[in-house]
Amino acid sequence: MSFQAWFELIASGLITGGIYALIALGLNLQYGLMRVLNIAHGEFLMLGAFLTWAAQTAWGVSPLLMIPLSFGVLMAVGLLVHRLTFRRLTRTSPNLDVFEARGLMVSFGLMFLVQNFAQMLWGGELRGYDYLTAPVAVPGMAGAQFAANKLLLFALALLFSGALMLVLQRTLLGKGVRALMQSPTGARLVGIDTERLHPLMFGVGLGLSGVAGCLLSMSYTISPAMGEPYTVTALIVITLGGLGSMAGALAGGLALGVVEAIGMHFTNPSLKSLLSYGVFIAVLLWKPNGLFTRTR
Amino acid sequence: MKRDWLILIALTGWALALPHYGSDFAVSLALSCLMYAALASSWSLFCGATRYLSLATSAFFGIGAYTSALSLEHVPFAVAIALGAGVAALVALVMGAAVLHLRGTYFAVLTFGMTELIRHAISYWEKKVSGTVGRVLTVVPERDTVYLAVLALAVLALATAIVVRRSRFGLALAGIGADEQRAQTLGVDTRRVKTAGFALTAAFAGAVGAAMSVRWTYIDPVTVFNPFIGFQTVLIALIGGAATLWGPVVAALVFSLLAETLRLQLPQLYMMALGLLLILCVLYLPGGLASLRLPRRRGAAR
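From first to last, the protein sequence lines are chains A and B. In terms of our numbering, the first sequence is residues 4 to 299. In terms of our numbering, the second sequence is residues 1454 to 1755.
Note that these hints are calculated values from the structure, not bench results. Some hints here could point you the wrong way.
[As the list claims (entries may be wrong)] Interface residues of chain B toward chain A, partial, derived using beta-carbon atoms under 7 angstroms:
1) Ala1470
2) Ile1575
3) Tyr1577
4) Met1724
5) Met1725
6) Gly1728
Glycine included, C-beta positions come from ideal geometry on N, C-alpha and C.
Go ahead and model the full structure; you've got the sequences and the hints to work with.
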C-alpha cells in the first residue's frame, strides 16, 4: 500500500472518529455526572439529524445555521426529560446502584418512544440532501481528496469536542461539574448546586447529540433507525476511554474510527459491527475501567 | 406456598382446555402469552432475585431456535427442545464465567453486547459459509403440539420458581441480591450459584426459543435474535414485579393482549406505549404491579 492510500485510510478513520468522539462526549457527560447511561442518546442524535433535514428541504435553511438551533431544541428536550423522569428517580431511589439500574430502564423506554415517534412522523425510509459535496484536495498531499462536507464535519466535531473540554477545564461551571464527578457528596458540601447542574448538563449532553446529528446529516443519509448503531459506538468509545473520562472519550473515539477503517479495509465491510462488538467486549473484559485510566 | 401450587394447577387446567374450544386467534394469543410468561418468570428467577440485569435473553432464545431448526430433521420435537435448552445453558456457562464478576450497568451492557455479537456472528456465518439468509423449517409439528410444549415449559418454569424460592439455592440467590459480599462472607459460593442461576435462566430461554421456532416455520438471525424479545421479557418481569412469583405472569397476560390488539394495526404506537409504560412503571411502581396488592405481605416478600 502506498503512502497516499494509508493517509486516505487513516484520515477517513479520523473523520468518522471525530463524530464518534463528539457523540461519546455527550453520553459520557451524562454518565460521569449522574450515572445515567442514556441508551436513547442515539435517538436524540437522530432527532437532530431529522430537524436539520426537515428545515433544509422545507425552507432551505442552511445546515450550518441548524447547528445552534438543534443544540437549543435538544437541550430544551433534555431539560424537559430530566424534569419529568430523572429528577423524580433521584429522589425516590434508595442508593446509586438502584438509581443506575432504573435510569437504564428509563432510557430504554425513551429509546422506544423517540424512535417510533420518528418512524410514525417521517416513515422508515432513508433520507438525505446535498450539501458541499464537491471534493477538496488536501494541500501537501498530492491527489488525496475528501468531500468538503466530511472535512467540515471533522473540523466542527473537533471544535465542539474541544470547546466542551475547554469549558470543563477552564470555567467555574466546568470546575463544579468536575467536582461533582469526583465526589458528589464533597461537591455538595462546598455548595455546588446539584439540582441545577444535573438538568443543565443532561441538556448539554442531549444538545451535543443534536449537533452531532446535524453534522451527520450533512454527509450521510438518515433514517429513524440510525441512532442505535451510534449509541453502541458511543458506548464502546466510553468503555475504551473509561466511563466518565472526557479526554479518554476523545482519544477513544478517534482510535475506534481508525481501527474500524483499517479493519474494514483489510477484511470486509460486513464485518464492521462484528469488529466493533468484538473490540467492545474484549476491552470490557480485559480492562473494565477503560484503557486510559491510571490505576489508583 | 401451597396456595401457589393450587393457582398453578388451576391455571394449567384452564390453559390445557383452551385449544378445544378457543378459536385460532385465542390459541395464538395464549401461545404468545405463555411464551412471555415462561421467559419472564425464568428471567426473574435469576435476575429478579440477584438483581443482575441480564439483557441476553434474546441470545439464548435465538440459540435455542437455531438449534431446533438444525436438529429437527434428525430428532423428535421433544429432543430438539432439550437440545436447545442444553446448548443455550452451555453458552450461558461460558458467558457467565466471563461476565458474572461485573455488576450493575457493566453487566447489563456486556450481556447486551454479547447478544449482538452472537447475532452478527451467526448472520455472517450464514451469509459466508452456509450461503443463506434464513432457514425454512420443513418438518413442523402440529399447532396443538407446539402449544402443549410451550405450556409445559411455562408450567415447568413456574414450578421451578416455586421450588427454588424456598430452597437453599434460591435463598443464596436472594442473598446475593441483597448484599453480595455479605452472602460471600456467610459461606455462599457466589460464583457457582450465580453461574448456575444464569445457566438455568438460559436453559428456559433456549427451550422456549426451540419450541417457538417451529411456529414461525422460517427463521433468520434478525427475527430470532431480535433484542426486542429480551427487552420485552425484562419489561414484563419489571412491570409485573421481578421479585415476585405471579407478577411476571400477570404482566405477560396484559402485554400479550396489548401486543396482539395494537401491534398489527399500529406497530409504532404499540412500541411507543411500551416505552411510555416502562418509564411510568420505573418511576411510579418500582416494585412492579405485584407491589400494588396487600401491603402487609411486602415484608414477607423481601
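Each hint, compared with the structure:
no. : hint    : result
1   : Ala1470 : violated (36 angstroms)
2   : Ile1575 : violated (10 angstroms)
3   : Tyr1577 : holds (6 angstroms)
4   : Met1724 : holds (4 angstroms)
5   : Met1725 : holds (5 angstroms)
6   : Gly1728 : holds (3 angstroms)
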